[in-house]
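Trainee: Based on the provided sequences and hints, a complete structural model is requested.
Number of protein chains: 2
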Amino acid sequence: MQPKIAIYGTGNLAFHLAKRLAVVGRSPDYIVSRSRVSGESFIDALQLSSDVCLTAEMAGISADFILLAVPDAVLQTVLMEVAFPKNSILLHTSGAQPMKVLATHERYGVLYPLQTFTKSKPVDWSQIPVFVEGNNAQVQEQIADLAKILSPKVKLLTSDVRLRVHLAAVLANNFTNHLFVLADELLASSPVALNDLQHLIQETVDKAMRMPPAQAQTGPAVRGDHNTMDKHLGLLEHNPEVARLYELISKQIADRGKL
Amino acid sequence: MQPKIAIYGTGNLAFHLAKRLAVVGRSPDYIVSRSRVSGESFIDALQLSSDVCLTAEMAGISADFILLAVPDAVLQTVLMEVAFPKNSILLHTSGAQPMKVLATHERYGVLYPLQTFTKSKPVDWSQIPVFVEGNNAQVQEQIADLAKILSPKVKLLTSDVRLRVHLAAVLANNFTNHLFVLADELLASSPVALNDLQHLIQETVDKAMRMPPAQAQTGPAVRGDHNTMDKHLGLLEHNPEVARLYELISKQIADRGKL
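Sequence order for the protein chains is A and B.
For what it's worth, my numbering labels the leading residue of the first sequence as 40, then goes sequentially.
For what it's worth, my numbering labels the leading residue of the second sequence as 40, then goes sequentially.
In short, the hints are calculated from the structure, not lab data.
Heads up, a few of these hints could be off.
Which copy? The list can't say, so a pair holds if one copy fits it or any two copies do.
Dumping the calculated SDA-like pairs for lysine to any residue here, alpha-carbon to alpha-carbon at most 25 Å [as the list claims (entries may be wrong)]:
1. Lys192 - Gly273
2. Lys58 - Pro251
3. Lys160 - Asn234
4. Lys158 - Asp264
5. Lys160 - Gln237
6. Lys160 - Gln241
7. Lys290 - Pro191
8. Lys58 - Asn278
9. Lys160 - His238
10. Lys192 - Arg73
11. Lys139 - Val193
12. Lys187 - Leu287
13. Lys58 - His238
14. Lys192 - Thr257
Mentor: Following this line, the structure appears as structure tokens:
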């Protein structure tokens, strides 16, 4: 018998989880929502065969898995305020929260897809690593089986390592995006756009995936080209925060380059 | 009559310039090298029909363009020590050097391809922006015509703006690569590799090219999720330099997010 799945939430992650399950013929049994209207519009948008379950009614449903697809900031509140059915495996989907935040439940774990989700943008689940953890071996296996419905790239990961991976992802993505923001600001009112750098950026990403990025490092800092670095800092004279960032990263690149 | 081209240097950029010219049937007339051996092996490797010209013999050649393809740190020395033929248009290829460093020459300018070059890696010149500048309108036009042989993406750029573009490229590439290095370090001795983040990184790059990256920002800093940021900083307890970088970038993301 196929496991019964409830998805708690109607945000971006809930959307893509539900869509993926529907695509592989495992449409979730319940969409848990604070209001019937938002639950139904979610189900309509994805043409799911799910039932809406209000958060207040949760304790009464029969579900093998309850997937909490809510932001970290909301998770604590949900765990304090909502009564979950005792027999379900309760899962959160966060990179940064330890599994133990669910420890008041009997069977619990984590299903963390390493991706950034936007409703309007389709995702290729076959490329998304899904990291799982369970509070015992049997539960863990059941969670891994559920995860394999979503993606072939399933890995067991302890909470400590998952947090480390989450931090690495923040550096490689959120912080990288911030550098694109700064580049975009620098190019404003010039005839060059961030898009003109696309080919160069793609080359950097491609290289980092083919060889250790430490070996792929180029630029004035790793060359020790202080003349160019001084020119850059001159341009940032009226932008002390970005200048500090420039100095800090350049120093780290230079220090590593010397190894 | 086709212009005669001399490429000064035998490094990565010289290699890709010469290769591109050969591919479009405009094999450079001269490869300028400090030694006959290195010049000849360069010509052999690319199967060019060029002549080797030793730096000491330069003043005697007849070339319409001399493309200086040397690192910034070497450029000043070359300009002081080498006698160039008077009638050639002397070009440097640097993002950070002002055109004026060539001002002792009569006709001069800049041809700056916005790309990072590695000999072993083919490049798609049709995607590489080439920024040009000349010391007068006629010279500038001649340089633009030369640049169009290399790439369809030719733009005029003053030295000031070119330096700004170069800085933006350093942020978006060298610094981004450094973030990949840090992510790689964090993932060392975990079962997750930087390659597992490839799909996520690609999504970040793709998004930044489709919409202003400031709008695409995600992560704990822009959400004001201090709980997660504190956890990350806890992981970086024994890594104070990276912790400083984490705090600095997070603050910049948060400040911009508030706008």
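Trainee: Now tell me if each hint is right for this structure.
Mentor: Hints versus structure:
Taking the shortest alpha-carbon separations for lysine 192 and glycine 273, neither the intra-copy value of 47 Å nor the inter-copy value of 28 Å comes in at or below 25 Å. Taking identical chains as interchangeable, the C-alpha atoms of lysine 58 and proline 251 are never at most 25 Å apart, the minima being 35 Å within one chain and 27 Å between chains. In this assembly of identical chains, the alpha carbons of lysine 160 and asparagine 234 lie at most 25 Å apart whether taken from the same copy (20 Å) or from different copies (22 Å). Within a single copy, lysine 158 and aspartate 264 get their C-alpha atoms only as close as 44 Å, which misses the 25 Å cut-off; across copies the closest is 21 Å, which meets it.
For the homomeric pair lysine 160 and glutamine 237, the shortest alpha-carbon distances inside one copy (20 Å) and between copies (17 Å) are both at most 25 Å. In this assembly of identical chains, lysine 160 and glutamine 241 lie within 25 Å of each other by CA distance both inside one copy and across copies; the values are 20 Å within and 13 Å between. For a Cα distance limit of 25 Å, the shortest separation of lysine 290 from proline 191 qualifies neither inside one copy, at 40 Å, nor across copies, at 37 Å. Taking the closest pair of Cα atoms, lysine 58 and asparagine 278 never come within 25 Å of each other, the shortest separation being 45 Å inside a single copy and 40 Å across copies.
Taking the closest pair of Cα atoms, lysine 160 and histidine 238 come within 25 Å of each other both inside a single copy (22 Å) and across two copies (14 Å). Taking the closest pair of Cα atoms, lysine 192 and arginine 73 never come within 25 Å of each other, the shortest separation being 32 Å inside a single copy and 53 Å across copies. Taking the shortest alpha-carbon separations for lysine 139 and valine 193, only the intra-copy value of 21 Å comes in at or below 25 Å, while the best inter-copy value is 57 Å. Taking CA atoms no more than 25 Å apart as the test, lysine 187 paired with leucine 287 passes in neither setting, with 42 Å inside one copy and 38 Å between copies.
Proximity of lysine 58 and histidine 238 under a CA criterion of 25 Å is satisfied inter-copy only: 19 Å between copies versus 33 Å inside one chain copy. Within a single copy, lysine 192 and threonine 257 get their C-alpha atoms only as close as 32 Å, which misses the 25 Å cut-off; across copies the closest is 23 Å, which meets it.
When each numbered hint is compared with the structure, violations occur for hints 1, 2, 7, 8, 10 and 12.
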